[in-house]
Amino acid sequence: MTQLVLGLSAFYHDSAAALVADGVPVAAAQEERFSRRRHDPSFPRGAVGYCLREAGAELGDVSAIAYYEDPALKFRRVIATYAGAAPHGLTSFVEGLPAWLGWKRSATRAVREHLAGPGGRAVVPEVVARRHHESHAASAFFASPYPSAAVLCVDGVGEWATTTLWQGVGTRLRYLAELRFPHSLGLLYSAFTYFCGFKVDSGEYKLMGLAPYGTPRFAPLIKERLIDVKPDGSFRLDLRRFEFLRGRVMTGAGFEQLFGGPRRQPEGPLTEREFDLAASVQQVTEEVMVKLARTARRLTGEPRLCLAGGVALNCVANGRLLEDAGLTELWVQPAAGDAGGALGAALAEAYERGAPRAHPAAGHDAMAGALLGPEYSDDEIGAYLDARGIPYERPGFEGVARRVAGALADGAIVGWFQGRMEFGPRALGARSILADPRDPGMQSALNLRTKFRESFRPFAPAVLAEDAKDWFALRQESPYMLIVGKVAEAQRLAADVPGGVSGLDLLHVPRSTVPAVTHVDGSARVQTVDGRHPRLRRLLLAFKERTGCPVLVNTSFNVRGEPIVNTPGEAYACFMRTNIDLLALGGFLLRKQEQPPWQEERDWRAGIPMD
Amino acid sequence: MRTFLLTAVYYLAVTPWGWCRRRVRDPLARRWQPRAETYWHFVPGGGAGER
Numbered sequence: 049m050t051q052l053v054l055g056l057s058a059f060y061h062d063s064a065a066a067l068v069a070d071g072v073p074v075a076a077a078q079e080e081r082f083s084r085r086r087h088d089p090s091f092p093r094g095a096v097g098y099c100l101r102e103a104g105a106e107l108g109d110v111s112a113i114a115y116y117e118d119p120a121l122k123f124r125r126v127i128a129t130y131a132g133a134a135p136h137g138l139t140s141f142v143e144g145l146p147a148w149l150g151w152k153r154s155a156t157r158a159v160r161e162h163l164a165g166p167g168g169r170a171v172v173p174e175v176v177a178r179r180h181h182e183s184h185a186a187s188a189f190f191a192s193p194y195p196s197a198a199v200l201c202v203d204g205v206g207e208w209a210t211t212t213l214w215q216g217v218g219t220r221l222r223y224l225a226e227l228r229f230p231h232s233l234g235l236l237y238s239a240f241t242y243f244c245g246f247k248v249d250s251g252e253y254k255l256m257g258l259a260p261y262g263t264p265r266f267a268p269l270i271k272e273r274l275i276d277v278k279p280d281g282s283f284r285l286d287l288r289r290f291e292f293l294r295g296r297v298m299t300g301a302g303f304e305q306l307f308g309g310p311r312r313q314p315e316g317p318l319t320e321r322e323f324d325l326a327a328s329v330q331q332v333t334e335e336v337m338v339k340l341a342r343t344a345r346r347l348t349g350e351p352r353l354c355l356a357g358g359v360a361l362n363c364v365a366n367g368r369l370l371e372d373a374g375l376t377e378l379w380v381q382p383a384a385g386d387a388g389g390a391l392g393a394a395l396a397e398a399y400e401r402g403a404p405r406a407h408p409a410a411g412h413d414a415m416a417g418a419l420l421g422p423e424y425s426d427d428e429i430g431a432y433l434d435a436r437g438i439p440y441e442r443p444g445f446e447g448v449a450r451r452v453a454g455a456l457a458d459g460a461i462v463g464w465f466q467g468r469m470e471f472g473p474r475a476l477g478a479r480s481i482l483a484d485p486r487d488p489g490m491q492s493a494l495n496l497r498t499k500f501r502e503s504f505r506p507f508a509p510a511v512l513a514e515d516a517k518d519w520f521a522l523r524q525e526s527p528y529m530l531i532v533g534k535v536a537e538a539q540r541l542a543a544d545v546p547g548g549v550s551g552l553d554l555l556h557v558p559r560s561t562v563p564a565v566t567h568v569d570g571s572a573r574v575q576t577v578d579g580r581h582p583r584l585r586r587l588l589l590a591f592k593e594r595t596g597c598p599v600l601v602n603t604s605f606n607v608r609g610e611p612i613v614n615t616p617g618e619a620y621a622c623f624m625r626t627n628i629d630l631l632a633l634g635g636f637l638l639r640k641q642e643q644p645p646w647q648e649e650r651d652w653r654a655g656i657p658m659d
Numbered sequence: 007m008r009t010f011l012l013t014a015v016y017y018l019a020v021t022p023w024g025w026c027r028r029r030v031r032d033p034l035a036r037r038w039q040p041r042a043e044t045y046w047h048f049v050p051g052g053g054a055g056e057r
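One line per chain: the protein sequences are A and B, in this order.
Reading the first sequence from the start, the letters are residues 49 to 659 in the working numbering.
Reading the second sequence from the start, the letters are residues 7 to 57 in the working numbering.
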């Protein structure tokens, strides 16, 4: 009989559910995709329901529920923080303590009650709490293709740990060392995210995207006044400069004194200071990550490293690890943030219960291309379109791929909805917006008229794996778009930056033959596409056949502030609200000019909060 | 009423307790240690500290 373990992360941010059958992930999804509330922290009811449906199982068929952190241990950390910050943390204490004295302290009981449903009728399997960083480490190592590896987890905070080192061998993880709250690389990065006017736990990737526009002139000051880093990568923050122990914000007077004035207001103008702050904290983060990775290598003797935790989504730092940390290979969990903790908790519990870990011997990871979410058949898509009288062509998938390739070559922006949805924050060719990267105006068009977001935000390339080396300087594959590398020398243009051009004006300087995916420092966040993403691969082959270019712009199928689309209906709405020209829904093709006028009762943008 | 009670608990219990704890050993280990070789907490039995 199949052993099923259901993993859950909930009640902080990025709630998710994941189902593991005999040690193999069979379904995983974030709750935000069902609730349509970005980074939804609530109990993942929609995601749990999906996972069980996908496996054809009921709750009673599940052997255990694995929760991604230990609420009792976390409660002790919260109390210690209140005591440590007193008398300066009254607001945080008054606002936060009641929930902690109530349901938060026993979140596993809350999980049980949610699963039991109204009246507590459903039979709920045993609920076990794994530790937060153990869940991250398990998501990184157990899902990786390696029989053994060093494991590094770096995030904001879970219970006490903020940075942990492990060694994974087979179905076992050996816990080696940790750094504890409040000393946290994730919180350092979040503090700068906040100070630069972006949202914490959401805008960190914007800060990373902003970094290449600046000069790291504040890096020495950060290392002198904010973080003491030892040669082995361990560190402590100077908490007198931060506010997160005392209240509900990350920074205050301490940062203002150091960095010349108050924080940038959200949506305010970006200045050289924000560019330089972003560049500086990014440089410090990379330096610390390289030292941590070297220590992981030294302590374990393992040349391969697995990475998870929110900081592992810093793909620029990941690229640095491959270059400078003495590793032979790096594998990053595609759902490296807290959503991935659901999967990690389930894997940890499954292997502890004796499940086999067969995929390393087969030479691949356990993520199935991260395509672990819901899928809609052509019958379901057709039923949706017919019920609403939506005009379409139905050339079948091969026809769709050929026609889309032609349209992309002619400059069209395409909504691409194919197969199972991705698990994790990146769109990998299942729920993507695609475009021609050779068009110098495409980045601006996509940012401002399709995604309705800031002009500085970079786009990522999807490239055929076999052609990747001709276009990007990568030392290994990057199937989950989590490693940044330089555009290959052969594709670069002479960087002729006119005098006086700086900041966002750098965007207008073409740097390569694929300008829409080349960041201002000549780098790109690459997705190498192989058989794990067969439909995107087929499209890339058709595009290459037509243009000679095996690269496409690949960005998530959503607009700013909205979760990535999940259903055909959400894809159609996004298609009609934006300047996407063509929508490929499975074997169906929809052209914008053939669609009836789009009408909504109220302004849809008013319902989507700024991210 | 709840806010008043929590405020009283904070200043009459949490603050003195926190102050005393910090005098003995800061649970948040905030002080930088320039002479220390490392800030890692090695896990007993993990074997890492001996390497």
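No lab work stands behind these hints, which were simulated from the structure alone.
Mixed in with the good hints there might be a few duds.
To be verified - Computed cross-link-like contacts, DMTMM-like style, restricted to lysine to aspartate or glutamate with a CA-CA straight-line distance of at most 25 Å:
#1 A:K271 to B:D32
#2 A:K278 to B:D32
#3 A:K592 to B:D32
To be verified - One side only, chain B facing chain A, incomplete, derived with CB under 8 Å:
#4 W38
#5 R41
#6 E43
#7 T44
#8 F48
Just so it is clear, CB atoms sit at the ideal spot from N, CA and C, and this is done for glycine as well.
Hints, verified against the model:
Restraint check for K271 (chain A) and D32 (chain B): satisfied, since their Cα atoms lie roughly 23 Å apart, inside the 25 Å limit. With a C-alpha separation of about 21 Å, the suggested pairing of K278 (chain A) with D32 (chain B) holds against the 25 Å cut-off. Taking the CA atoms of K592 (chain A) and D32 (chain B), the gap is about 61 Å. The hint is violated against a cut of 25 Å. Because the smallest distance between the Cβ of W38 (chain B) and any Cβ of chain A comes to about 5 Å, under 8 Å, the interface hint for this residue holds.
The restraint placing R41 (chain B) at the interface with chain A is violated, with a minimum CB-CB distance near 11 Å, outside the 8 Å limit. With its C-beta approaching chain A no nearer than about 7 Å, E43 (chain B) sits inside the 8 Å limit, and its interface hint holds. Because the smallest distance between the Cβ of T44 (chain B) and any Cβ of chain A comes to about 5 Å, under 8 Å, the interface hint for this residue holds. Hint status for F48 (chain B): holds, given a least beta-carbon distance of 5 Å to chain A, under 8 Å.
Hints 3, 5 from the list above are not met by this structure, while the remaining hints are.
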